[in-house]
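As they're listed, the protein sequences go chains A and B. Throughout the first sequence, residue numbering follows the numbering used here, covering 1 to 159 in sequence. Throughout the second sequence, residue numbering follows the numbering used here, covering 1 to 292 in sequence.
Calculated directly from the structure, the hints in this document are not laboratory data. Each statement offered as a hint is correct.
With the C-beta cut set under 10 Å, the calculated list includes, among others, these residues of chain B facing chain A: (1) 4; (2) 10; (3) 38; (4) 39; (5) 57; (6) 101.
In this text, a Cβ means the ideal position worked out from N, Cα and C, and glycines have one as well.
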Amino acid sequence: MTQITFTINKEKKTVEAPPMKRLLDVLREDLHLTGAKEGCGEGECGSCSVLLNGELVNSCLIPALQAEGATITTIEGIAPLAAPDQKLHPIQQCFLEKGGAQCGICTPGMILATHHLLEKYPQPTLLQIQEGLAGNLCRCTGYTRIFEAVQSAASQSNP
Amino acid sequence: MRSNASHYDLIAPATLDAVLEILAAEPGHYTPIAGGTEIMVALGAGRLAQKNLVSINQIKELRFIETTPSQLIIGSGTTFTDIRNSAIIQSDFPLLTQAASWTGSIANQNRGTLGGNIVNGSPAADSPPALLAYEATLTLISTRGTRQMPYADFHLGYKKTALAPDELIQSITLKRIFTGYIPYARKVGTRNAQAISKVAIAALALIQDDTLEDIRIGAASLRDRPSRLTATERTLRGQTITQDTIVTLISQARATLTTEAHPIDDIRSTAKYRAAVAANLLEEFLHSLMNP
Chain A
1 MTQITFTINK EKKTVEAPPM KRLLDVLRED LHLTGAKEGC GEGECGSCSV LLNGELVNSC
61 LIPALQAEGA TITTIEGIAP LAAPDQKLHP IQQCFLEKGG AQCGICTPGM ILATHHLLEK
121 YPQPTLLQIQ EGLAGNLCRC TGYTRIFEAV QSAASQSNP
Chain B
1 MRSNASHYDL IAPATLDAVL EILAAEPGHY TPIAGGTEIM VALGAGRLAQ KNLVSINQIK
61 ELRFIETTPS QLIIGSGTTF TDIRNSAIIQ SDFPLLTQAA SWTGSIANQN RGTLGGNIVN
121 GSPAADSPPA LLAYEATLTL ISTRGTRQMP YADFHLGYKK TALAPDELIQ SITLKRIFTG
181 YIPYARKVGT RNAQAISKVA IAALALIQDD TLEDIRIGAA SLRDRPSRLT ATERTLRGQT
241 ITQDTIVTLI SQARATLTTE AHPIDDIRST AKYRAAVAAN LLEEFLHSLM NP
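Throw the hints in and build the complete structure from the sequences for me.
Structure (structure tokens):
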């Protein structure tokens, strides 16, 4: 077991875990942050997506020790990034309004991938949206409503 | 079955020297892990044989892109996102930018490194065909010092490399000599996003007065290792390429490629399909040279 300290959703936390424990399992089992989901467990589906030092990553592929000193944002911490007391981030609101979520397994990853995308391309083209979300699989929506939610979020944040 | 993480050890030294000392102390005992996009998949699937890992992800000395007038040096810890973001790579080595853009998803590109892609040694890896076409040189480092070798000599067989157990790839060097070369890259997989290739080709050609002065063809999934199609290149180099000659040229090149490629049947495709598609890609490449 190793002591690992990082900042998660703006709070400093120290966990004691095997250094090769997957960050996803640390989040879910040690910190009870169950927003990040396990889909494939091999970096294909994106349902375990989190932001690590601002970068979109698959938390199932990160050994806990590599998160030492990092700043992590999970879906639970995304709303306060927009405003301190906000319950839903505007991206979440758009997914809600446009029907961008059905069963919800992929949704946390979709929203974090959208957040990462809009930081790079505030007004993304459809192709940029498709590429930005290509690592996030959804088996319910057929993606059309997800793309609409992203477009809606882009137009709201940058009028 | 997933592996039990508590059966594995991982250490994260702060400096490159410290990592090299650890690798040298007991060669083969520790396996380096960079972005984890391969090793963590093996862990998740319960088939990670190496029990002791040393993280190199935090070693900043390995993550750089350095430009001189004559060459570009890429640190082995450079991520695919770093490569995609590099203006100099886009302008001078577009095949590498292209390869980086189709390596996994954005999340994988944020973690996966060029050095990791090379050392992992997959014959289907995305960056090797481009590095072979550009005749990259590797710099390997250990406590014994550094040594350089042509990248073409690095892969010795299926997932076998020339890397000694106490060595790391420090950097990858590309000569900036490809002004005027016409690039061609195409990956054929199940879908565009983050599929592992069935077959891929990265190629360069230099044409002067309708003559193929130089041609370089790197390929994935056509042999047991990433390889250059040197016999096919020899068939084409020095030939005249015009509307009158192209049909003969294509038929000669396709025939040579078919003898030179040794693809296999596996879960992603069949040998027959791979050989046929590779010949088609070569043909597409040669046609593209007629109207650059």
